[in-house]
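Enquirer: One-letter residues, chain by chain:
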Amino acid sequence: MSDSPVAVEHQGPELLHHFADVEQQRDAASLGMWLFLATEVMFFGGMFCAYLVYRYVHFNEFAAGSRSLDIWLGTINTAVLICSSLTVALGVRAAQMGKTKLLVILLILTLLFGLAFLGIKGVEWYDKYKEHHIPGASFNADDIAKEYPQIKIDQQYEQTYFSLYFAMTGLHALHMIIGIGLFGVITYFAWKGRYGANYYTPVENAGLYWHFVDIVWIYLFPLLYLIDRKPLR
Amino acid sequence: MSEHISSVKLYVGIWAALLCLTVVTAAVSFVDLGPFNTIVALVIATFKAVLVVLFFMHVKYAHERMTKVVIVSAFFFLLLLLGLSMADYTTRFLS
Numbered sequence: 001m002s003d004s005p006v007a008v009e010h011q012g013p014e015l016l017h018h019f020a021d022v023e024q025q026r027d028a029a030s031l032g033m034w035l036f037l038a039t040e041v042m043f044f045g046g047m048f049c050a051y052l053v054y055r056y057v058h059f060n061e062f063a064a065g066s067r068s069l070d071i072w073l074g075t076i077n078t079a080v081l082i083c084s085s086l087t088v089a090l091g092v093r094a095a096q097m098g099k100t101k102l103l104v105i106l107l108i109l110t111l112l113f114g115l116a117f118l119g120i121k122g123v124e125w126y127d128k129y130k131e132h133h134i135p136g137a138s139f140n141a142d143d144i145a146k147e148y149p150q151i152k153i154d155q156q157y158e159q160t161y162f163s164l165y166f167a168m169t170g171l172h173a174l175h176m177i178i179g180i181g182l183f184g185v186i187t188y189f190a191w192k193g194r195y196g197a198n199y200y201t202p203v204e205n206a207g208l209y210w211h212f213v214d215i216v217w218i219y220l221f222p223l224l225y226l227i228d229r230k231p232l233r
Numbered sequence: 234m235s236e237h238i239s240s241v242k243l244y245v246g247i248w249a250a251l252l253c254l255t256v257v258t259a260a261v262s263f264v265d266l267g268p269f270n271t272i273v274a275l276v277i278a279t280f281k282a283v284l285v286v287l288f289f290m291h292v293k294y295a296h297e298r299m300t301k302v303v304i305v306s307a308f309f310f311l312l313l314l315l316g317l318s319m320a321d322y323t324t325r326f327l328s
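Just so you know, the sequences run in chain order L and S.
End of the first sequence sits at 233 in the working numbering; the numbers just go up one at a time, nothing left out.
End of the second sequence sits at 328 in the working numbering; the numbers just go up one at a time, nothing left out.
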């Protein structure tokens with residue numbers, strides 16, 4: 001690494017003139033990405049905070065609502081996202097080693113896993129639509145209340161649970177759509193041969209974003225699906 | 234972030250651990266542990282998140298200290314938001 005703040009010699013076309021070397025440029029880009037992810041933590045943090053407060057105040061409605069979600073689809077979707085995180089991690093590795101062909105294949109797999117996640121999510125949302133569990137004028141949670149004969153379920157607060165469910169999974173799905181768009185562009189550039197062992201910052205930073213979205217789901221899954229699954233007494 | 238290149242074996246190992254923990258957290262939720270159901274679910278989720286951050290996001294091998302400062306402060310402010318909010322709401326209806 002050079003001590004001089006000014007790059008005397010360019011190491012390659014990838015290095016911008018205001019960085020000393022490729023490594024410094026990569027560290028700066030990474031730091032910027034992590035700063036963005038820190039703002040994303042607070043963005044989702046507000047929703048998690050609202051969730052915690054309402055869950056604390058209206059626990060019965062939240063437990064009953066959680067029971068009405070499809071745990072199989074939720075678990076499968078978690079696994080799908082974890083698989084996509086693996087293909088992203090292996091993709092960054094392929095980029096680091098300059099294996100362009102492998103990188104393109106892994107990126108396409110990531111896109112397929114991402115689309116599969118959204119597809120399954122869509123099925124779940126459609127089920128909720130058919131069951132009249134979408135908050136609004138046609139909301140009806142009589143079927144949920146029937147499952148809990150011994151506990152009083154307030155329809156209004158049941159809507160609170162589903163409002164948070166749709167807001168949180170919706171915001172997460174929006175991030176997935178953005179991630180798929182991002183990786184779509186990166187797959188195109190990777191196919192054109194833009195990335196190599198010397199320059200793979202977009203792949204790595206999009207990867208950081210993808211892993212972050214995965215982590216959000218890792219928390220959403222137990223908080224929304226697994227509140228109360230134990231047998232009723 | 235770093236020149237470090239992890240082995241395929243490590244990535245697949247982390248992936249397998251994440252899948253196992255997903256099955257465990259779903260299965261454990263059917264067992265009645267009282268208030269510990271939520272605690273176990275959150276501990277497993279946090280363990281999974283730490284695995285993703287350290288290995289998939291390469292934080293374990295990051296040599297840039299500022300990156301770690303950003304991560305720790307993001308976590309700190311999230312805890313501040315959730316902790317102080319809950320300290321308010323859980324004690325509001327006591328009297």
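Treat each hint with caution, since some may be false.
Only pairs whose alpha carbons sit at most 16 Å apart, straight line, appear in this in silico EDC-like list of lysine to aspartate or glutamate [said to hold, decoys possible]:
id	chain 1	residue 1	chain 2	residue 2
1	S	301	L	27
2	S	293	L	27
3	L	152	L	142
4	L	230	S	297
5	L	230	L	131
6	L	130	L	70
7	L	146	L	124
8	L	130	L	142
Heads up, incomplete: computed chain S residues facing chain L, CB under 8 Å, no partners named [stated by the list, open to error]:
id	residue
9	238
10	248
11	253
12	265
13	278
14	282
15	289
16	297
17	299
18	314
19	319
20	323
21	324
Pair by pair, the computed Cβ-Cβ distance ranges are [claimed, not checked]:
id	chain 1	residue 1	chain 2	residue 2	range
22	S	264	L	143	20 to 28 Å
23	L	53	S	302	26 to 34 Å
24	S	265	L	129	16 to 24 Å
25	L	73	S	319	23 to 31 Å
26	L	156	S	237	51 to 59 Å
27	S	260	L	98	54 to 62 Å
28	S	237	L	149	54 to 62 Å
29	S	316	L	156	22 to 30 Å
30	S	323	L	29	37 to 45 Å
31	S	243	L	53	37 to 45 Å
32	S	280	L	193	25 to 33 Å
33	L	36	S	316	20 to 28 Å
Just so you know, the hints here were simulated from the structure itself, not pulled from any lab data.
Here a beta-carbon is modelled for each residue, glycine too, at the ideal position from N, C-alpha and C.
Enquirer: Next step is simple, just say for each hint if it's right about the structure.
Expert: Checked hints:
1. S:301 to L:27: holds (12 Å)
2. S:293 to L:27: holds (15 Å)
3. L:152 to L:142: Between residue 152 (chain L) and residue 142 (chain L) the Cα gap is close to 11 Å, so the pair holds against 16 Å.
4. L:230 to S:297: violated (45 Å)
5. L:230 to L:131: With a Cα-Cα distance of about 23 Å, the restraint between residue 230 (chain L) and residue 131 (chain L) is violated, given a limit of 16 Å.
6. L:130 to L:70: The hint holds at about 14 Å.
7. L:146 to L:124: It is violated: about 21 Å lies between the C-alpha atoms, which goes past 16 Å.
8. L:130 to L:142: holds (14 Å)
9. 238: holds (5 Å)
10. 248: holds (4 Å)
11. 253: Constraint on residue 253 (chain S) not satisfied, violated at 10 Å.
12. 265: Check passed: Cβ of residue 265 (chain S) comes within 4 Å of chain L, closer than 8 Å.
13. 278: holds (5 Å)
14. 282: With a closest approach of 5 Å, the residue 282 (chain S) hint holds.
15. 289: With Cβ-Cβ at 5 Å, under 8 Å, it holds.
16. 297: Holds, about 5 Å.
17. 299: Where the cut-off is 8 Å and the nearest Cβ of chain L is about 5 Å from residue 299 (chain S), the hint holds.
18. 314: Interface hint status for residue 314 (chain S): holds (5 Å vs cutoff 8 Å).
19. 319: Since chain L brings a Cβ to about 6 Å from residue 319 (chain S), closer than 8 Å, the hint holds.
20. 323: holds (6 Å)
21. 324: violated (11 Å)
22. S:264 to L:143: 20 to 28 Å: holds (26 Å)
23. L:53 to S:302: 26 to 34 Å: holds (29 Å)
24. S:265 to L:129: 16 to 24 Å: violated (32 Å)
25. L:73 to S:319: 23 to 31 Å: holds (30 Å)
26. L:156 to S:237: 51 to 59 Å: holds (53 Å)
27. S:260 to L:98: 54 to 62 Å: Distance hint for residue 260 (chain S), residue 98 (chain L) is violated at roughly 42 Å.
28. S:237 to L:149: 54 to 62 Å: holds (57 Å)
29. S:316 to L:156: 22 to 30 Å: holds (28 Å)
30. S:323 to L:29: 37 to 45 Å: This hint holds: roughly 41 Å between Cβ atoms.
31. S:243 to L:53: 37 to 45 Å: The hinted range 37 to 45 Å holds for residue 243 (chain S) and residue 53 (chain L), with Cβ atoms some 39 Å apart.
32. S:280 to L:193: 25 to 33 Å: violated (39 Å)
33. L:36 to S:316: 20 to 28 Å: holds (24 Å)
In summary, the structure is inconsistent with hints 4, 5, 7, 11, 21, 24, 27, 32 from the numbered list given earlier, while agreeing with the others.
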